[in-house]
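Chemist: Each chain, written out:
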Amino acid sequence: MTTEPAITDPPRLEDDLQRLRDARSALARVVVGQEDVVEQLLVTLVAGGHALIEGAPGLGKTLLVRTLADVCGLAFSRIQFTPDLMPADVTGAVTLVHESGRATTRFVPGPLFGQLVLADEINRATPKTQSSLLEAMQEQTVTVAGRPHAMPRPFHVLATQNPFEMEGTYQLPEAQIDRFFFKVVVQYPSEAVLDAIFDQTTGAATARAPQAMTAADVLRLQSLVRDVPVASHVRRAVARYVRGTLPDVQENDARVRRYVRFGVSPRGGQALLLAAKAHALLDGRFAVAIEDLRSAVLPALRHRMQLNFEGMADGVVADGLLLELFERYAASARA
Amino acid sequence: VPVLPLSRGLAPLRRRMLALRRTSDAAWVIAAGATGAAIGALVALTQGGDRPAAALAGALLLLGPALLVRTVHRGLTPLDDLTVARWAESRAGWQERLTTALEHPTGGGPIGEALRSDARSHLELLDVERTAPWRWPVASLTWIAGAAVVLAFAGTWPLPDRREGAAGGVAPEAAAAIPPAAALRDLADEVAAEAARTDDPELSAIAAALRALADRATLDDARRDDLATLLAELTQRLGTDLAAHDALQRALRSDDASAADAALAERDFDPNLRGVGAAAPDYDDMFRRAELWVDDEDPEPPSGPGGTPSSTEIVRPPLDPESLQGADFLPAAEGPAPSGGLAEIIGAADQSQAGDSVLAGHGSQALDGPASAPEFAESDTEAVLLVGIERDRGRRIDVELPPPAEWEAYDPTRFGVGEWRSRPESPVSSDPTPLPHHLAASRYFLPTQATAASPGRPPRSAP
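Listed in order, the protein sequences are those of chains A and B.
Everything in the first sequence is counted per the numbering used here, starting at 1 for the first residue and increasing by one.
Everything in the second sequence is counted per the numbering used here, starting at 1 for the first residue and increasing by one.
These aren't lab readings, by the way, just hints derived from the structure by calculation.
Think of the CB as a built atom: it goes at the ideal place given N, C-alpha and C, for glycine as much as any other residue.
Among the hints, a few may not be true.
[To be verified] Chain A residues, not near chain B, derived (Cβ > 12 Å throughout):
no., residue
1, 56
2, 183
3, 216
4, 227
5, 229
6, 250
7, 254
8, 258
9, 262
10, 286
11, 289
12, 317
[What the hints assert, rightly or not] Partial list, derived from the structure: chain B residues whose beta carbon lies under 8 Å from chain A:
no., residue
13, 50
14, 51
15, 52
16, 95
17, 106
18, 114
19, 122
20, 124
[What the hints assert, rightly or not] Estimated spans, in silico, between C-beta atoms of each pair:
no., chain 1, residue 1, chain 2, residue 2, range
21, B, 135, A, 57, 31 to 41 Å
22, B, 23, A, 327, 44 to 54 Å
23, A, 261, B, 433, 34 to 44 Å
24, B, 142, A, 175, 58 to 68 Å
25, B, 61, A, 226, 57 to 67 Å
Kindly produce the complete structure, drawing on both the sequences and the hints.
Modeler: See the structure below:
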């Protein structure tokens, strides 16, 4: 059993931050050219959230998650979601076993009981199965046969979905997609990055990432993140920004009122601020800056603001609108 | 106390910010004053007036509000630690370190301690000269310089006549067309006195315009060229107004209440008729003095304040009214000229304005006759003729008539305005019953014809 050090131990703070930086370096060595994605996944991990990773097949999503588990010393588990996958296949089930010559029932945990769970192509499973996963994400427990079973700590779900093959998929409803802390979009790499990837992955030796921290370190960092203070003007800027995405507020931007179906929820604002705290810590600072917010705006809010039909028809991009609004509120915060 | 080191570390920056702010304030206020002075000088340059006084007034006019705005603005934006810290962060790129540390002076565990330590270490590196370098308020100084240039231009720019004077002076013809300022002032005083006596706003306005005209007449520049035109307009206004006065006076003297009412209705006189009973001034003289300068075709400067033009010669003392009983220019006395063809009637006096009654009158010879002295026999008309100057459209002839003999028996102290007849008040036609009550009563008691006459609907029964 791991003895968790007291987080108030001053010498450990710098050590923890160093481990975090080491983890980022180790990930960057394996996952080439995806620094932003690596940083966003680390922020998700340190902030204690779950991430929805979206990207075309073959961009290294599975490699990224597996490497993250290796670097952070977390128990990795993978579930390939298919339409016929049942909740019991994910959560586990109570089975009849014979022990000491007696028949008895015992709960056999499913693949969900890992510390870092890769839910591959989550949108291919039925809503019922998706719900079983989302309950575990939100409540950190799984109820089987009327008995709750706690998830291991830390517990993170990194779900992927393919944005192209939408036939035969079950789109996650907005209420469930809101439970993902980050939505990470994996972009197609540039030519130079592709060259580096080919060089690194087609040779005899492949790069492996060393373990940089343990699960206890992750838990300790998650506690530290919540201690990072926020200046009042930064907090007010987040509040104004989140409210500025609501289409029903008359004083909001005309484009928001015209094109947005629903704006960012308070949970989105919490995610933005928490992600900014984690980003500040990852950057070696102890105060949330506007730049931390800027780096977290898109992954934290892009799946929480939905455009209406007119917005989509007019070619409005949620990411662009979010960034444009953010720059306006950020400028007023520092004025 | 963990806050104090941060405050102490911010002190040099706060001092620099105060100095910058004071400099900016002073420059801003000076710019406002300079702008006001420039505007005042420009107004004086274009409109006429004392340019230094106008510049001073303009400066004072903007200085007060500028100081007030600055004071209120500074009161609303105090220079506290957070403001200074935010300034330092924005200039040095410290990313909310100082403001967060100032807002979280205690607690926060290891992160809080690290935060304050980080802020202090950054403050130790604070270089005031780099973070807040001394800079002059360039925008305000540029504005001040621009205003100073305008002020210098407006204060020293020679007025157009000065340039002409330097090049050779005002043309003698133009100078001759300009009436002397003293004469204009005398006339303005006289008109103002009459305006005060009769409470006539039109006369007051004319007096003020005459004074302004007199002020401009003192200027030695080319802008006096339009004085003659302005004076002509004023003279016309004066003639119209004096005609109204004249009509009123005549109506009062003839004890004709209806005529007096008509004259009062025509002009905006004081309803109490203050001063009407007193002796009226010589409107003719007043008008003639103004009219003498108005001759755009043949400008003739007067010989002095209220004087007679040199080209006009008084031939005889005033006419005896009795000898003019048959003259055409008198009311109801139109007929052939009484002077054996020597005289020619130009116009009847009762068809002209107050000033015209003097000017139009009895001529002594044909209009196309020679411009020499009139062939006028004293015994023929016993009138006084003032031979004017020949013009294209004829000869101008002035006639002075003495008042009728009965007027001399007029005693102003005995004169009284007849009693005002009060009209009966119009009957009150409004109904004291409020409209809602009417409507309610009509709905209840009196069904409308449409309702009562509509087929198929039973008539409303009485309650």
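Chemist: Determine for every hint whether it applies to the structure shown.
Modeler: Results for each hint:
no., hint, verdict
1, 56, "holds, 35 Å"
2, 183, "holds, 26 Å"
3, 216, "holds, 16 Å"
4, 227, "violated, 4 Å"
5, 229, "violated, 4 Å"
6, 250, "holds, 27 Å"
7, 254, "holds, 30 Å"
8, 258, "holds, 33 Å"
9, 262, "holds, 30 Å"
10, 286, "violated, 4 Å"
11, 289, "violated, 4 Å"
12, 317, "holds, 28 Å"
13, 50, "violated, 46 Å"
14, 51, "violated, 43 Å"
15, 52, "violated, 43 Å"
16, 95, "holds, 4 Å"
17, 106, "violated, 11 Å"
18, 114, "holds, 5 Å"
19, 122, "violated, 11 Å"
20, 124, "violated, 17 Å"
21, B:135 with A:57: 31 to 41 Å, "violated, 57 Å"
22, B:23 with A:327: 44 to 54 Å, "violated, 32 Å"
23, A:261 with B:433: 34 to 44 Å, "violated, 60 Å"
24, B:142 with A:175: 58 to 68 Å, "holds, 59 Å"
25, B:61 with A:226: 57 to 67 Å, "holds, 59 Å"
Against the hints set out earlier in the document, violations occur for numbers 4, 5, 10, 11, 13, 14, 15, 17, 19, 20, 21, 22, 23.
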